[in-house]
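First to last, the protein sequences are chains A and B. Each residue of the first sequence is one higher than the one before, counting from 1 in the UniProt record's numbering. Each residue of the second sequence is one higher than the one before, counting from 1 in the UniProt record's numbering.
Honestly, the hints are just simulated from the structure, not real lab data. Any given hint could be a false lead.
Partial list, computed: chain A residues near chain B (C-beta under 10 Å) [as the list claims (entries may be wrong)]:
id, residue
1, Asp119
2, Ala127
3, Trp144
4, Val150
5, Asp152
6, Leu159
7, Leu190
8, Pro191
9, Thr195
10, Pro224
11, Trp225
12, Leu226
13, Gln288
14, Gln289
15, Glu290
In the EDC-like style, the derived pairs of lysine to aspartate or glutamate whose C-alpha atoms are separated by at most 20 Å in a straight line are [said to hold, decoys possible]:
id, chain 1, residue 1, chain 2, residue 2
16, B, Lys152, A, Asp199
17, B, Lys130, A, Asp199
18, B, Lys152, A, Asp119
19, A, Lys153, B, Asp142
20, B, Lys93, A, Glu276
21, A, Lys219, B, Asp102
22, B, Lys47, A, Asp199
23, A, Lys153, B, Glu134
24, B, Lys152, A, Glu227
25, B, Lys93, A, Glu227
26, B, Lys93, A, Asp188
27, A, Lys87, A, Glu276
28, B, Lys133, A, Asp152
Derived DEER-like restraints, expressed as beta-carbon distance ranges [said to hold, decoys possible]:
id, chain 1, residue 1, chain 2, residue 2, range
29, A, Val253, B, Lys47, 28 to 34 Å
30, A, Asn207, B, Arg54, 50 to 56 Å
31, B, Ser21, A, Asn207, 35 to 41 Å
Backbone N, C-alpha and C fix where the C-beta goes; we use that ideal spot for every residue, glycine too.
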Amino acid sequence: MLRRAVLQTFRQGLAQSFFKRNAVSLSETTVTHQPIETSNEADEKSVSKQKPGDESGNTVVVAPPEFRFMYPEFLPDPAMERRNRLKEKLERIDMLQRRSVVEIPEFYTGSVMAVTVADANSPNKFARFVGICIQRGGSGLRAWFILRNVVDKQGVEILYEMYCPLIQKIEVLRLERRLDESLLYLRDALPEYSTFPLDMEPERRLNNSVVPINPLKVKLRPRPWLERWERQNLQGVEDLNLPQRFYDKAEKVAKPWEKYDLMLQYRKTIPAEEQEKIFADVHSQLQQQEFKRKMRRRRGTDNEQ
Amino acid sequence: MTFQMQNLARILQFSVPFSRSFHQCQPLNQIQLLTRLRVVDNSTIGKEAMLEGRPPKCIHVYNKTGIGTIGDKVLVAIKGQKKKAVIVGVKQKQAPLVPKFDSNNIVLIEDNGTPIGTRIHVPVPSILRKILKERSVAKQIDFTKLLSIATKFV
């Protein structure tokens, strides 16, 4: 019954639950859960839920559904030709091992981040770069993200592989989301939208449970552009003010039937049952690591006092 | 149109509009012959060329392949003259941890490697330190002098 309910969620469209980080609101749609015992701590983000017991009477721990947005790199590449369960399991072990050494925080496209990298070429052996995450991708140990900033009126982009051993520190200075999954249009936007001070301080969030969505609509520079933005259905861009022929051609070339193509969606995603298994596997370890980090931070501040 | 193509057009008439289109890949943004470049130092000749809207064009890449990347020496045609330059920033997609810039940047140099300008006002990739040191050793010309005029490394 739970399986059917989970498949139903999948069929209704993942976008419905996309912006809801609150686990309880998600359960209101279709999936039924036991009542969740929330802890007293205000900044307790990930709450583990208990599945109704299976035949043997054991309860199975399931990771919260937000995990597929918080840690998308744990999900493997859905292409059937490249799937290998053993390889994925070994990769997950390596990823968790790396995460126990370096804190890789939760971030989304649109978050402003600072990355410190070990650089043999620089006089102080570290190089720090601050920028806005314009795109993230890859799966497993090859997960990457691109940071963009405009430094001295020159746009610079750097691709970082999240699990690269040269990376010393990843800080999220501003945790937020934008209206689009990919902000590549910032390359054609006015430079002020990609400019962030290199000495930016981390911003404290007032509400810790919900990641805010910045509804900013960006102004683009006059054409020529690097891509045909009018064909991409961008939400985070101001009205492009193009002659009508551009929109006519965009309509001609558009594939409006793709959003109804269930098999296409199925081939692009990992099935819900497998996602649950993967995140259940990973959830407890991530929780332990976060707990240890919190204790280390508290002990650090106590030592300072 | 050939006979076969006409037949194809007739068959496809009611199913799909027949179109001839080229296969296109993503633009590679490589620096090669006749690429327009941006001078980023404060040399007089560079500033004048950029201001009047006639940026320098690459006329030779000192490379086995004709493609220039960060740290390569190129010969550019600028204001009716031929000058050597070093590429300090590329639009092309780079390896992880190597920065990619929004414009193809060059710094004009003399034959002995000394830069003509006195300051580079844009950030420069720190991997240039390693590349230019290796190149200086290989060619017995000191290319690293331009690192001393750089203001910021990325």
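Practice task
Could you work out which earlier hints the structure fails to respect and list their numbers in ascending sequence?
Solution key: Numbers 7, 9, 10, 11, 13, 14, 15, 17, 19, 20, 22, 23, 24, 28, 29 and 31 - these are the hints that the structure violates, sorted from lowest upward.
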